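Chemist: Starting from the given sequences, assemble the full structure and let the hints guide the process.
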Amino acid sequence: MKRDSLLKGRFSLLKDSKTNFIQVTIGVCVRNCAGLIREAIESIMAQDFPHEFMEVIFVNDGSSDDTLSIIESYVPKMDMFVKVFHQEWRGLGAARNVVVDNAKGKYIIWVDGDMRLSKNFVKKQVDYMEKNPSVGIGKGMYGMCAQPSLVGTLENMEFAATNFTRKEKPHLLPLGTGGSIYRVEAIRQVSGFDPRIRGSGEDMDAEYRVRKAGWTLGVSEAVFYEKRRKTWGSLWKEYFWHGRSVFYFLRKDRRIFYPSKFWPPIVLATEFFRVAEAYRLTHSKVALLLPMHYIFKRTAWFYGFLKGLIDHTKYFKG
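Following my numbering, the numbering of the sequence shown begins with -15 at its first residue and continues without gaps.
Treat the hints as calculated values from the structure; they're not laboratory data. Hints are supplied without guarantee of correctness; some may be wrong.
Quick list of in silico lysine-lysine cross-link-like pairs, DSS-like style, CA-CA up to 27 Å [to be verified]:
no.	residue 1	residue 2
1	Lys88	Lys107
2	Lys108	Lys90
3	Lys115	Lys61
4	Lys61	Lys103
The model shown is predicted, which means the values in this text are computed figures rather than measured ones.
Modeler: Below is the structure:
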């Protein structure tokens, strides 16, 4: 049975239904992104890739704000094929599978609600995959952009500073779905995303299975931008959530997760490189705060991981 037959809510197919010549599908899976989604949609509409070869699939995963109505207000303005799905909250794994199951394109580019694409992003991503047929997943590069707070600036610096590492050794760091292009053949070969993953980490799991199936990972020159967290409290919640989610992977398959990257000498060497690279990119002394920023995030991650362990233990004892 098709996964989309399990959807509850509305489904809209807008524009023409003759989509046999679609080359790339833009997958936008969002929940409560009313404050940011406009910029993401407008950056999709501004792409210099031929719009007649593109389709956009929106999946509104149980938003309680105006996300869905904002999406629907943009649909008549979009000169490309558009599908809008609305469902009760089922999590990222299930939401991304809606896109995988309904994509008409050869590739899927994942755009998050807090992202903005450079004008040639889709073109560069598609060109990269066409030139590298063994690549199953290709990541774009994080760009530097103005952030509303110190914590957002540090987070932006850290991700931009990892571009070089990801490009040289894409298997060492999770690529993530946002800003990545997936070969539809590859993700369907491994049966899509794990729908049991309701929190974060559906990307790490999918990357592991795609690599295990014989595909490679890569990084292109396409640039995208993200709006980062505004407060230390929201950053703590985000990484607590990530840590709690990772515990699921250890129960599923320990090989998905690499605990060696938390070994102190590796952490110190990595952070030294990030500070140097971030300073090179920005010429800002704020980069010197990156080690403190990293310790804060990893402490939140660790407590989240412990919470996952405690919940798991209570479940089996109870």
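Chemist: For each hint, tell me whether it holds in the structure or not.
Modeler: Hints, one by one, checked against the model:
The straight-line distance between the Cα atoms of Lys88 and Lys107 is roughly 17 Å, inside the 27 Å bound, and the hint therefore holds. With a CA separation close to 15 Å, the supplied pair Lys108 and Lys90 stays within the 27 Å bound. Only pairs whose Cα atoms come within 27 Å are accepted, and Lys115 paired with Lys61 is rejected, the gap being roughly 32 Å. A C-alpha spacing of about 18 Å is found between Lys61 and Lys103, which places the hinted pair at or below 27 Å, so the restraint holds.
In terms of the numbered hints stated before, the structure departs from hint 3 and from no other.
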